[in-house]
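J.: Could you put the whole structure together from the sequences, leaning on the hints where they help?
Note that numbering that gives the first Met the number 0 has the sequence shown beginning at 0, numbered continuously upward.
Calculated from the structure, these hints are not laboratory results. Be aware that a few hints might be false.
Across the chosen pairs, the derived CB separations fall in these ranges [stated by the list, open to error]:
1) LEU203 - ALA321: 27 to 37 Å
2) ARG29 - SER85: 51 to 61 Å
3) PRO262 - LEU203: 46 to 56 Å
4) PRO141 - SER223: 46 to 56 Å
5) ASN160 - PRO262: 16 to 26 Å
6) TYR314 - LYS280: 23 to 33 Å
7) PRO141 - GLY296: 51 to 61 Å
8) ASN160 - PRO123: 44 to 54 Å
9) ASP154 - GLN326: 16 to 26 Å
10) ALA321 - CYS406: 15 to 25 Å
11) ASP237 - GLU286: 53 to 63 Å
12) ASP265 - SER65: 50 to 60 Å
13) PRO141 - PRO320: 56 to 66 Å
14) GLY91 - THR16: 23 to 33 Å
Below, computed lysine-lysine pairings styled on BS3-like, alpha-carbon distance capped at 27 Å [as the list claims (entries may be wrong)]:
15) LYS298 - LYS339
16) LYS307 - LYS329
17) LYS263 - LYS184
18) LYS300 - LYS355
19) LYS263 - LYS215
20) LYS348 - LYS280
21) LYS215 - LYS280
22) LYS289 - LYS329
23) LYS215 - LYS339
24) LYS268 - LYS184
25) LYS227 - LYS159
26) LYS268 - LYS288
27) LYS184 - LYS211
28) LYS355 - LYS337
29) LYS348 - LYS268
30) LYS355 - LYS289
31) LYS263 - LYS339
In this text, a Cβ means the ideal position worked out from N, Cα and C, and glycines have one as well.
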Amino acid sequence: MDLTAVAKPCNLGNKSTSDVILRLRNGEGRPEWFYSHSSILINKSGFFADQLSNPDSGPCIEIQCSDSTYDHHVNLLRLLYLPADSLLDSLGSVKSAIGILQLAVAFHCEDITNCCIQYLEAIPWEDKEEEQILQAVAKLGPIAMPILARIQPVDVSATKNVFVSAVRFATSIGGSCPPFGDELKTSAQEQVEFMLGGDEDTPLVTADDEVKSVVKMGLSQVCSSFEKELSSLLVISDITTETAENRILQSLYDVEWMCNILPKMDLMKDFVSSWAEMSGKVLGVVEDKKFDTVMWGLKMKLIEVTGKVLEAVGYGNVILPAPCRVQLLKTWLPYIRKMKPLLDAMGNKEIDFPYKMDEDLCQSIEGAIVSLVLALPSNDQAEILSDWMNTEQVRYPDLSEAFEVWCYRTKSAKRRLMEGLDRVGNTTISL
Numbered sequence: 000m001d002l003t004a005v006a007k008p009c010n011l012g013n014k015s016t017s018d019v020i021l022r023l024r025n026g027e028g029r030p031e032w033f034y035s036h037s038s039i040l041i042n043k044s045g046f047f048a049d050q051l052s053n054p055d056s057g058p059c060i061e062i063q064c065s066d067s068t069y070d071h072h073v074n075l076l077r078l079l080y081l082p083a084d085s086l087l088d089s090l091g092s093v094k095s096a097i098g099i100l101q102l103a104v105a106f107h108c109e110d111i112t113n114c115c116i117q118y119l120e121a122i123p124w125e126d127k128e129e130e131q132i133l134q135a136v137a138k139l140g141p142i143a144m145p146i147l148a149r150i151q152p153v154d155v156s157a158t159k160n161v162f163v164s165a166v167r168f169a170t171s172i173g174g175s176c177p178p179f180g181d182e183l184k185t186s187a188q189e190q191v192e193f194m195l196g197g198d199e200d201t202p203l204v205t206a207d208d209e210v211k212s213v214v215k216m217g218l219s220q221v222c223s224s225f226e227k228e229l230s231s232l233l234v235i236s237d238i239t240t241e242t243a244e245n246r247i248l249q250s251l252y253d254v255e256w257m258c259n260i261l262p263k264m265d266l267m268k269d270f271v272s273s274w275a276e277m278s279g280k281v282l283g284v285v286e287d288k289k290f291d292t293v294m295w296g297l298k299m300k301l302i303e304v305t306g307k308v309l310e311a312v313g314y315g316n317v318i319l320p321a322p323c324r325v326q327l328l329k330t331w332l333p334y335i336r337k338m339k340p341l342l343d344a345m346g347n348k349e350i351d352f353p354y355k356m357d358e359d360l361c362q363s364i365e366g367a368i369v370s371l372v373l374a375l376p377s378n379d380q381a382e383i384l385s386d387w388m389n390t391e392q393v394r395y396p397d398l399s400e401a402f403e404v405w406c407y408r409t410k411s412a413k414r415r416l417m418e419g420l421d422r423v424g425n426t427t428i429s430l
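T.: Following this line, the structure appears as structure tokens:
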């Protein structure tokens, strides 16, 4: 075979100019014979160059292919006949590019290999396609690694910058971004939650002082926004509108979101402190007569958020001085005690009334309050238990367990005191 002949313009399948026949052996009975040209094959493929440089090679080269790779083999042969600047436009799909890439590497087709890598690196992937790409790259080795640039782990600094930006959007630091403010904020909140989901870089990011500073700034922002929205209700003439309640609820949802993510950053104490600080103002508005028969969603959500605060303090996850714990209880216990029967009554009155304290919520709040009471100084316990027993509605929360423990402790303390006095008296007499 004369390999030094000047290459003439030719096309795949042109029998009149072909000097090499490629046979794709397959089990489906699909076309096997492809009339090709040595000038093209030698210039575009290291594999074919080696084959055709063998003095013993004949005019026919056999290639074994499976049923699943037949189309990719045919497409590869067609691409061999295209100029380099036309290759990218000829790759029709991710699936096709993956198949052709694997063959291009095997046949040492450098131009086609680079083209497939460039295509796959730039084109969007579906989830299923991503799995196929990962499997293919694992077999191809370093040559195909540029394809995975978009899913490679990033350094901690880059992760931190993304996290900080997401927190700023999630908490509207710097103001909202109309007309897509709410959508961006929700998306950012979801991204922050995802990034806090246990990645190995998470502790490094959340421990960073700048990150904590931005998160605390975000907490201050959402709490301030909630207080402003709540205060504005006092000057709105018609608070029964759905718009008014939706606005204040959205603001409270942001506060609740902060309550959910801060424990993952060891910043729950900051939330508890902020909640305790604004509790008086919040209840001052919500318990206004203007709200007696409206805003049930707001009232219910306040109980849910407060329940999380009580759990954090009651079970020792957040450590506060006794006076702060007493104040927290004295602020919210009367509200919870009042709202529970009101919500129950509304539920009995309206079948579709959505704002009910279910059993799990009731039990978690009751357990947290009992635990919180029992950790207070005995005099504060006595004051809270006395107030509880003097109210007409003593069914919820049930502080019977706390009362029993208090009684036992009181008797034990009195007994220890008497025993101590007896010892002192006996010591004095013996002297």
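J.: Hint by hint, note whether the structure agrees.
T.: Hint check results:
no. : hint                        : result
1   : LEU203 - ALA321: 27 to 37 Å : holds, 36 Å
2   : ARG29 - SER85: 51 to 61 Å   : violated, 26 Å
3   : PRO262 - LEU203: 46 to 56 Å : violated, 18 Å
4   : PRO141 - SER223: 46 to 56 Å : holds, 52 Å
5   : ASN160 - PRO262: 16 to 26 Å : holds, 24 Å
6   : TYR314 - LYS280: 23 to 33 Å : holds, 26 Å
7   : PRO141 - GLY296: 51 to 61 Å : holds, 57 Å
8   : ASN160 - PRO123: 44 to 54 Å : violated, 24 Å
9   : ASP154 - GLN326: 16 to 26 Å : violated, 45 Å
10  : ALA321 - CYS406: 15 to 25 Å : holds, 20 Å
11  : ASP237 - GLU286: 53 to 63 Å : violated, 20 Å
12  : ASP265 - SER65: 50 to 60 Å  : holds, 55 Å
13  : PRO141 - PRO320: 56 to 66 Å : holds, 59 Å
14  : GLY91 - THR16: 23 to 33 Å   : holds, 27 Å
15  : LYS298 - LYS339             : holds, 10 Å
16  : LYS307 - LYS329             : holds, 16 Å
17  : LYS263 - LYS184             : holds, 20 Å
18  : LYS300 - LYS355             : holds, 10 Å
19  : LYS263 - LYS215             : holds, 14 Å
20  : LYS348 - LYS280             : violated, 30 Å
21  : LYS215 - LYS280             : holds, 21 Å
22  : LYS289 - LYS329             : holds, 23 Å
23  : LYS215 - LYS339             : violated, 32 Å
24  : LYS268 - LYS184             : holds, 24 Å
25  : LYS227 - LYS159             : violated, 31 Å
26  : LYS268 - LYS288             : violated, 32 Å
27  : LYS184 - LYS211             : holds, 19 Å
28  : LYS355 - LYS337             : holds, 14 Å
29  : LYS348 - LYS268             : violated, 39 Å
30  : LYS355 - LYS289             : holds, 21 Å
31  : LYS263 - LYS339             : violated, 30 Å
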